[in-house]
Amino acid sequence: MNLGLKLAYKNLIGAGLKTWLNSFALSFAFVLILFYNGMIDGWNNEARRDAIEWDYGYGHLRNENYDPLDFFSIQDGHGVLPAKYSENLTPVLVWQGNIYPQGRSMNILLKGIDPNQTIIKIPTDLFKNTDAEYPAVIGAKMAENANLKVGDMVQLRWRDQNGTFDAVQITIVGVFNTNVPFVDAGQLWMPYDLLNKMVGLENNATYYIANDKYEPKDVEGWTFVSQETLLKPVTDLINAKKYGASVMYLLLLAIGLLVIFDTLALSIFRRQREIGTHIALGLTQKQVIRMFTIEGIMYSIFGIVLGAVYGTPLFIYLAKKGLSFPVSGDSMGIILAPTIYSVYSVELIIKTILLLIISAAIVSRLAARRIAKMNPVEALKGKAL
Amino acid sequence: MEQKIISIENLVKRFPMGEKEFTALKGINLSFDKGEFAGFVGPSGSGKTTILNILGTLDKPTEGTVNVLEKDVEKLTKKESALMRKQNIGFIFQSFNLLPVYTVYENVELALLLLNKTATERKQAVMEALEWVGLTELKDKRPPQLSGGESQRVAIARAIVKKPSIVLADEPTANLDAANAHVIMKTMVKLNEQLQTTFIFATHDEKVMTYLKRIIKLADGKVLEDKIINQQTEKQ
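Going down the list, the sequences are from chains C and U.
For the first sequence, position 180 matches number 180 in the numbering used here, and the numbering has no gaps at all.
For the second sequence, position 169 matches number 169 in the numbering used here, and the numbering has no gaps at all.
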């Protein structure tokens, strides 16, 4: 192997510009794979972090009648959790309602949350520092859609637990910026006790948000959904996009590998005398095949080195400054920060390097296997193929 | 007593040609002693190169027995053949067959790299071989920068650097002018005398023949004449 490496290295360095052009094609695939996966991983990291910080906390303890995907479950999906189980949990009551900004009717979800909570980033402390009788906070997208701003009053109409309509003027006491559409779009956050009172309930919650100290217990009528389970749809969605778009960089990789295959196949044809000479000097055909295979692998190693040279500054920039997207994630219903900061983990880098080297080795071996069929005497004359 | 290093008995070599077969060698019987400076001469198609390829373990006989350094060529595996070439046989080709991306030094060194010699051993042997052929000054040049004569001297240095028992030279002067051909042949005569290496040529060049100490004339795959030149005695 040592000899094969030496010979392959000498051949590649001796081939000069051709080697670097081939390596450049592979380096481009290397950089693009890392770039794309780095962006996806960065997106995934941010999306998970945002979802945890804005909604999921360390898991939800849900009323068993509540299904967040079933609008009709809201009416009955609430209950009172015995006090002994409510340690390290923040209650959230979900209810339906309508607001009438500028005379328009908007269906909304009312969410009552404890003003003293610190688990998620909804600015609930604003409820404590206001004189408004019916304070509410909303997300920036909701504010934009409803044309509302801090200090605005808007009529809220809802039906209480008995089905009786009621209405009040609520005051927007805060507008928060978040990348998580499912705490923003069509939602209005109010103090937990106030919402309970408005709908004629007491200490009722639809779900509880757990903090990091919460230890799940079996509670009748309630189901604990872990943080990982809550995050799964987010991760699945991002992974689906990752696999879908991997077609693009796999195509690029295929082009790079085709360049290696083509170069080696042509090289074997052109270098028949050289192959014959190596055999005459005492190499077996297997050793010559190994030498050509190593040459192919070294193209990928040179490509990786070349890619690292021009890719590293780009990756550092993307990790520190991020990449901004003109399209908001809200419009697509996904968690997408306006700026994504790439994440290049050691695992990602090693996997990408291995992908390139192994695929280059396979392709090179395929190209070099013709050597096994060469007659050395004909090869010396350059007429073996 | 002379040490026999090659013996050929009833050597027949046939090549497929479409549906028929072409017989290149028709029952050759020969032997070579250590330190011989011999050559196969004859017209194209007489079987010179074929016999050299078999002696060099690059090809195998169809019939008959060829023993090189007490090894039956027919029975050698690919690995054993490669080992035989690597350790004991040097080749010199008509078209030099130097590796264009290597320097003169590296081309010569290659034969030793295959033998896993240490860097110090390699350097000493390569410089010695280049000195024998008078090319120490050109050690950093690459083959495209060399003349034909210089290239063939590099090929000679590569063939003898490992001090093989046998050097097989196939038309070594065919691509050289007369002056260079003489330089090359004188170099090989000198090496034959100094190293006691057996040189076997395949040639139809008159200039080469004047240096040979044994001439084996081939025609149509048969030995027509086997003559020891210095002693003026015919063996066959």
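FYI, nobody ran anything at the bench for these hints, they're computed from the structure.
Don't be surprised by glycine CBs; every beta carbon is placed ideally from N, CA and C.
Mixed in with the good hints, there may be bad ones.
When the alpha-carbon atoms are kept at most 27 Å apart in a straight line, the in silico BS3-like pairs for lysine-lysine are as follows [claimed, not checked]:
{"no.": "1", "chain 1": "U", "residue 1": "Lys117", "chain 2": "C", "residue 2": "Lys6"}
{"no.": "2", "chain 1": "U", "residue 1": "Lys60", "chain 2": "C", "residue 2": "Lys6"}
{"no.": "3", "chain 1": "C", "residue 1": "Lys373", "chain 2": "U", "residue 2": "Lys34"}
{"no.": "4", "chain 1": "C", "residue 1": "Lys381", "chain 2": "U", "residue 2": "Lys123"}
{"no.": "5", "chain 1": "C", "residue 1": "Lys381", "chain 2": "U", "residue 2": "Lys4"}
{"no.": "6", "chain 1": "C", "residue 1": "Lys10", "chain 2": "U", "residue 2": "Lys79"}
Which bits of chain U does chain C cover? Going by a derived footprint, with three or more residues having C-beta under 8 Å, they are [as the list claims (entries may be wrong)]:
{"no.": "7", "segment": "124-131"}
{"no.": "8", "segment": "208-221"}
Hints versus structure:
no.	hint	in the structure
1	U/Lys117 / C/Lys6	holds, 14 Å
2	U/Lys60 / C/Lys6	violated, 31 Å
3	C/Lys373 / U/Lys34	violated, 34 Å
4	C/Lys381 / U/Lys123	violated, 30 Å
5	C/Lys381 / U/Lys4	violated, 30 Å
6	C/Lys10 / U/Lys79	holds, 24 Å
7	124-131	violated (count 0)
8	208-221	violated (count 0)
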